[in-house]
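2 protein chains.
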Amino acid sequence: MTAFLDVPSGRAARFDTPAPGDPRLARLSLNQRTTAQWSVREALDGARSAGLGAVGLWREPVADVGLATVARWVADSGLRVSSLCRGGFFTAEEPQARETAHADNVAAVDEAAALGAPTLVLVPGGLPEGSKDLAGARERATEAIARLAPYAGERGVRLGIEPMNPIFAADRGVVSSLRQALDIAEEHPVEQVGVVVDTYHLWWEPGVTEQIERAGDRIVAYQVCDWITPVPADNLLGRGMMGDGHVDFAAFTRAVAAAGYAGDVEVEIFNADVWAADGDEVVATTVRRYVELVEPYL
Amino acid sequence: MTAFLDVPSGRAARFDTPAPGDPRLARLSLNQRTTAQWSVREALDGARSAGLGAVGLWREPVADVGLATVARWVADSGLRVSSLCRGGFFTAEEPQARETAHADNVAAVDEAAALGAPTLVLVPGGLPEGSKDLAGARERATEAIARLAPYAGERGVRLGIEPMNPIFAADRGVVSSLRQALDIAEEHPVEQVGVVVDTYHLWWEPGVTEQIERAGDRIVAYQVCDWITPVPADNLLGRGMMGDGHVDFAAFTRAVAAAGYAGDVEVEIFNADVWAADGDEVVATTVRRYVELVEPYL
Numbered sequence: 150m151t152a153f154l155d156v157p158s159g160r161a162a163r164f165d166t167p168a169p170g171d172p173r174l175a176r177l178s179l180n181q182r183t184t185a186q187w188s189v190r191e192a193l194d195g196a197r198s199a200g201l202g203a204v205g206l207w208r209e210p211v212a213d214v215g216l217a218t219v220a221r222w223v224a225d226s227g228l229r230v231s232s233l234c235r236g237g238f239f240t241a242e243e244p245q246a247r248e249t250a251h252a253d254n255v256a257a258v259d260e261a262a263a264l265g266a267p268t269l270v271l272v273p274g275g276l277p278e279g280s281k282d283l284a285g286a287r288e289r290a291t292e293a294i295a296r297l298a299p300y301a302g303e304r305g306v307r308l309g310i311e312p313m314n315p316i317f318a319a320d321r322g323v324v325s326s327l328r329q330a331l332d333i334a335e336e337h338p339v340e341q342v343g344v345v346v347d348t349y350h351l352w353w354e355p356g357v358t359e360q361i362e363r364a365g366d367r368i369v370a371y372q373v374c375d376w377i378t379p380v381p382a383d384n385l386l387g388r389g390m391m392g393d394g395h396v397d398f399a400a401f402t403r404a405v406a407a408a409g410y411a412g413d414v415e416v417e418i419f420n421a422d423v424w425a426a427d428g429d430e431v432v433a434t435t436v437r438r439y440v441e442l443v444e445p446y447l
Numbered sequence: 150m151t152a153f154l155d156v157p158s159g160r161a162a163r164f165d166t167p168a169p170g171d172p173r174l175a176r177l178s179l180n181q182r183t184t185a186q187w188s189v190r191e192a193l194d195g196a197r198s199a200g201l202g203a204v205g206l207w208r209e210p211v212a213d214v215g216l217a218t219v220a221r222w223v224a225d226s227g228l229r230v231s232s233l234c235r236g237g238f239f240t241a242e243e244p245q246a247r248e249t250a251h252a253d254n255v256a257a258v259d260e261a262a263a264l265g266a267p268t269l270v271l272v273p274g275g276l277p278e279g280s281k282d283l284a285g286a287r288e289r290a291t292e293a294i295a296r297l298a299p300y301a302g303e304r305g306v307r308l309g310i311e312p313m314n315p316i317f318a319a320d321r322g323v324v325s326s327l328r329q330a331l332d333i334a335e336e337h338p339v340e341q342v343g344v345v346v347d348t349y350h351l352w353w354e355p356g357v358t359e360q361i362e363r364a365g366d367r368i369v370a371y372q373v374c375d376w377i378t379p380v381p382a383d384n385l386l387g388r389g390m391m392g393d394g395h396v397d398f399a400a401f402t403r404a405v406a407a408a409g410y411a412g413d414v415e416v417e418i419f420n421a422d423v424w425a426a427d428g429d430e431v432v433a434t435t436v437r438r439y440v441e442l443v444e445p446y447l
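These protein sequence lines are chains A and B, in that order.
To convert, note that position 183 of the first sequence is 332 in the working numbering; the numbers rise steadily by one, no gaps.
To convert, note that position 85 of the second sequence is 234 in the working numbering; the numbers rise steadily by one, no gaps.
Honestly, the hints are just simulated from the structure, not real lab data.
Please note that a few of the clues may not be correct.
[As the list claims (entries may be wrong)] Just the calculated beta-carbon pair ranges, DEER-fashion:
1) B:Glu242 x A:Asp383: 41 to 49 angstroms
2) A:Gly285 x B:Ala411: 25 to 33 angstroms
3) A:Pro277 x B:Gly356: 35 to 43 angstroms
4) B:Tyr300 x A:Pro379: 28 to 36 angstroms
5) B:Ala406 x A:Tyr446: 41 to 49 angstroms
6) A:Arg403 x B:Gly356: 37 to 45 angstroms
7) A:Glu335 x B:Arg221: 39 to 47 angstroms
[Said to hold, decoys possible] Going by beta-carbon spacing under 10 angstroms, a handful of chain B positions derived as facing chain A:
8) Ala246
9) Arg287
10) Ser325
11) Pro379
All of these numbers come straight from a predicted model, not from anything done at the bench.
Ideal Cβ placement from N, Cα and C applies to all residues, glycine included.
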């Protein structure tokens with residue numbers, strides 16, 4: 150059992166939590182999936198009232214409310230949208246499925262632009278059902294990014310290739326290391342294609358510090374959460390609150406800062422326990438852990 | 150549920166299984182953990198009666214029987230010992246624990262020599278309890294290998310650094326890619342230190358074909374099993390029978406053969422369903438899958 154909340158009650162949880170207005174929270178972004186128990190409206194309100202600078206939004210809940218409505222809410226809130234999750238899923242083999250994926254990604258770019266999100270996070274997709282052709286899937290993802298990139302550039306949105314922990318290579322993301330993501334991104338203008346640096350996905354990568362340095366201004370998003378063990382039965386929900394696992398956030402964050410990254414820091418945690426808790430308590434714990442483990446190294 | 154056995158009954162399982170004496174089985178090795186339900190004696194008998202050329206042994210069950218006894222059984226069986234599992238666990242921080250680990254690895258080298266195993270497989274070890282210093286753990290593993298290598302060379306045993314799937318980076322193996330393992334191995338004479346190429350651990354690695362080519366005669370063991378999804382709750386037991394998962398054995402095996410590897414091919418599967426089955430049926434299925442998916446590409 151992970152200690153994903155610092156204290157048991159809502160009132161106590163805020164006891165030594167930095168208050169709204171604390172400048173240390175200016176770059177902290179709540180990815181709305183961290184509080185999946187909340188609606189879009191609740192996430193915006195919760196982030197604002199806790200003093201955060203930004204939120205990361207997801208396409209599906211935004212669409213459920215309506216894009217224009219959420220865009221207005223965001224504008225009214227004073228929050229930035231650090232990124233929109235997610236485009237991608239580029240690895241289908243059939244031409245028609247690839248066209249459908251491209252059209253969906255064009256729409257995702259438009260949505261990011263409408264929300265003022267500088268970055269569309271791309272989850273590359275896994276192996277097609279029954280396929281074992283990992284090299285082919287990687288090639289198709291690379292081609293699809295090349296096709297989408299100019300349009301993203303026109304709309305002022307940067308594509309963020311998200312390398313994913315190899316635990317997901319078969320079923321979710323065939324881009325498996327920052328090195329590989331940069332090999333793809335560097336084929337394109339920096340204002341069109343960058344990379345997402347996520348501690349959960351990359352903490353294990355040999356030479357990751359050098360790759361972060363190499364990434365430089367290709368870093369379009371910095372997402373933090375922890376690698377916890379034992380890996381939960383549903384490994385999609387295996388992300389932990391910062392400090393509950395094995396990630397050295399100081400070293401990782403220093404490297405990202407040294408690379409020149411000056412954007413928001415998104416906390417993105419998929420975890421059934423976190424989702425079962427009170428949203429305000431999750432945000433309060435997030436704030437405390439961020440201020441303790443991440444922010445000092447930015 | 151994976152289809153880890155081809156047929157339900159022992160008699161039928163052997164129906165179209167290559168018979169003992171089939172030359173295609175000459176390089177096939179049964180890692181004894183694939184049939185954890187068997188004793189050492191049963192594994193030797195089972196491998197020999199199925200026509201395999203070799204077995205991979207583990208230190209603990211060998212010690213339970215007695216090293217000299219097993220060495221005699223092996224000699225009498227006509228089987229090769231393709232490797233001994235396992236040395237390693239090099240990442241402790243305290244000097245005394247590191248001395249203990251070194252002494253244990255010296256003993257493991259001696260056991261490999263006594264069994265006629267050309268290779269001692271090294272599992273590097275994970276992060277010490279509570280530590281987040283991955284770079285430090287990797288450094289200590291590298292130093293421990295450097296210390297052990299000359300002794301292994303004296304005894305005619307090659308150390309096989311086993312890069313492990315990043316799913317195990319925290320708790321089992323801090324060497325996470327073939328590229329990284331080769332960076333360590335290449336500091337030593339080729340007759341002292343090599344690498345273990347295991348499809349389960351490495352199938353996702355970007356550029357793995359080039360790394361296998363780079364490895365060349367550093368490859369001291371080739372282990373095969375499949376990456377299956379969903380990843381089981383106990384991820385240590387998430388290895389599947391070849392053909393049940395996502396690994397392209399043809400491409401992987403071609404690369405290993407092209408690198409010049411001419412040794413045994415060990416089937417090493419940790420899987421609760423496989424362990425619950427009849428050992429002879431597991432071996433029969435292993436043989437059929439190997440002849441279909443691996444052997445043609447050697």
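Structure-based check of all given hints:
{"no.": "1", "hint": "B:Glu242 x A:Asp383: 41 to 49 angstroms", "result": "violated, 33 angstroms"}
{"no.": "2", "hint": "A:Gly285 x B:Ala411: 25 to 33 angstroms", "result": "holds, 29 angstroms"}
{"no.": "3", "hint": "A:Pro277 x B:Gly356: 35 to 43 angstroms", "result": "violated, 22 angstroms"}
{"no.": "4", "hint": "B:Tyr300 x A:Pro379: 28 to 36 angstroms", "result": "holds, 35 angstroms"}
{"no.": "5", "hint": "B:Ala406 x A:Tyr446: 41 to 49 angstroms", "result": "holds, 47 angstroms"}
{"no.": "6", "hint": "A:Arg403 x B:Gly356: 37 to 45 angstroms", "result": "violated, 27 angstroms"}
{"no.": "7", "hint": "A:Glu335 x B:Arg221: 39 to 47 angstroms", "result": "violated, 59 angstroms"}
{"no.": "8", "hint": "Ala246", "result": "violated, 19 angstroms"}
{"no.": "9", "hint": "Arg287", "result": "holds, 8 angstroms"}
{"no.": "10", "hint": "Ser325", "result": "holds, 5 angstroms"}
{"no.": "11", "hint": "Pro379", "result": "holds, 7 angstroms"}
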